[in-house]
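*Asks:* Taking the working numbering, the leading residue of the sequence shown gets 2, the next gets one more, and so forth.
Please keep in mind that the hints were generated in silico from the structure rather than gathered at the bench. Ideal Cβ placement from N, Cα and C applies to all residues, glycine included. Mixed in with the good hints, there may be bad ones.
[What the hints assert, rightly or not] Restraint ranges, calculated between C-beta atoms of paired labels, are given here:
#, residue 1, residue 2, range
1, S144, T177, 14 to 24 Å
2, K53, D117, 16 to 26 Å
3, E145, E18, 39 to 49 Å
4, P250, K158, 36 to 46 Å
5, T154, G249, 18 to 28 Å
6, G242, G23, 45 to 55 Å
7, G23, G223, 35 to 45 Å
8, R142, G65, 14 to 24 Å
9, L17, G223, 35 to 45 Å
10, G242, T28, 16 to 26 Å
11, Y54, G242, 38 to 48 Å
12, A225, T177, 18 to 28 Å
13, P231, D71, 38 to 48 Å
14, G127, G223, 34 to 44 Å
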Amino acid sequence: MDFAAGIASMAGKITLEYFRTGVAYDTKPDASPVTVADRRAETALREAIAAKYPGHAVLGEEFGRSGPDDARYRWILDPIDGTLSFIHGVPIYGVMVAVELDGETVAGVVNLPALDELVAAGRGEGCFRNGARARVSETSRLSEALVLFTDPTSMVKYGRAAAFERVRVASKLQRTWGDCYGHVLVATGRADVMLDPVMNIWDTAALRPIVEEAGGTFTDWGGAPTHTAPEAVSTNGRLLGELLDAIGPAANDPEAVED
2 MDFAAGIASM AGKITLEYFR TGVAYDTKPD ASPVTVADRR AETALREAIA
52 AKYPGHAVLG EEFGRSGPDD ARYRWILDPI DGTLSFIHGV PIYGVMVAVE
102 LDGETVAGVV NLPALDELVA AGRGEGCFRN GARARVSETS RLSEALVLFT
152 DPTSMVKYGR AAAFERVRVA SKLQRTWGDC YGHVLVATGR ADVMLDPVMN
202 IWDTAALRPI VEEAGGTFTD WGGAPTHTAP EAVSTNGRLL GELLDAIGPA
252 ANDPEAVED
């Protein structure tokens, strides 16, 4: 956890060199943007891991897989989660570093460099925000809850429009404080639920130990604890049952929009 936090901090400083500078970006095949800051940060993370743990594997958003296929340890990297926010000069982007051991996440770090906020967790060691213990909220009713999400159009696109509408009606407040920042807000007790209808493993791997070590739950939309599903739900734990009731049993809404 300490090493992961250190390299996430280092990579965050690289991203700040480009933040609010009008940095150019390219569009990847999946239509998401990427900047020189993303690539430089991931390269620096990979170099640090290779120097310290040469036998470990690495999976990163920008440069894919490297290292031995049979490595017990795998590092999972997202050099800038929230690249759109980064490009627009919005400070709620994060550098994400996770560690798997035999396929299970054992440490996770989210560094929000523009906010000077770093959240780190290790299995059995707790969750910490800037060195102080972090805990989820004590909100016990969905009608009192602050629910976060990234993009309302994605709820339609990925078949979650009806489920999201039920959650919206049942909850007190909803805000689009999205990407990794929303899940960090749940882990640190500043929000109660975060919903993401589409995720990649580099988006989820660091978040599961952070949210769970803070006392919350990190699951798919059916409530199964996982960091490998293509979706994610963070809660403070107390709200999970009521939230799942609101989401309902359907795996996907029939009106999902196809690409």
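*Asks:* Next step is simple, just say for each hint if it's right about the structure.
*Replies:* Here is how each hint holds up against the structure:
At roughly 20 Å, the beta-carbon separation of S144 and T177 lies within the given 14 to 24 Å, and the hint holds. Checked against the hint of 16 to 26 Å, the pair K53 and D117 passes, with Cβ atoms roughly 25 Å apart. Here the CB-CB span from E145 to E18 is close to 42 Å, well matched to the stated 39 to 49 Å. Here the CB-CB span from P250 to K158 is close to 21 Å, at odds with the stated 36 to 46 Å.
For T154 paired with G249, a C-beta distance near 20 Å keeps the hint of 18 to 28 Å intact. Between G242 and G23 the C-beta distance comes to about 47 Å, which sits within the given range of 45 to 55 Å. Range check, G23 to G223: about 42 Å between beta-carbon atoms, so the 35 to 45 Å window is met. Checked against the hint of 14 to 24 Å, the pair R142 and G65 fails, with Cβ atoms roughly 44 Å apart.
Distance hint check: the CB atoms of L17 and G223 are about 38 Å apart, consistent with the given range 35 to 45 Å. For G242 paired with T28, a C-beta distance near 41 Å fails the hint of 16 to 26 Å. In this structure, Y54 and G242 meet the distance hint of 38 to 48 Å, their C-beta atoms being roughly 40 Å apart. Here the CB-CB span from A225 to T177 is close to 26 Å, well matched to the stated 18 to 28 Å.
The hint said 38 to 48 Å for the Cβ distance between P231 and D71, and at roughly 25 Å that hint is violated. Separated by about 27 Å at the C-beta atoms, G127 and G223 break the suggested range of 34 to 44 Å.
The structure fails hints 4, 8, 10, 13 and 14 (numbered hints given earlier, in ascending order).
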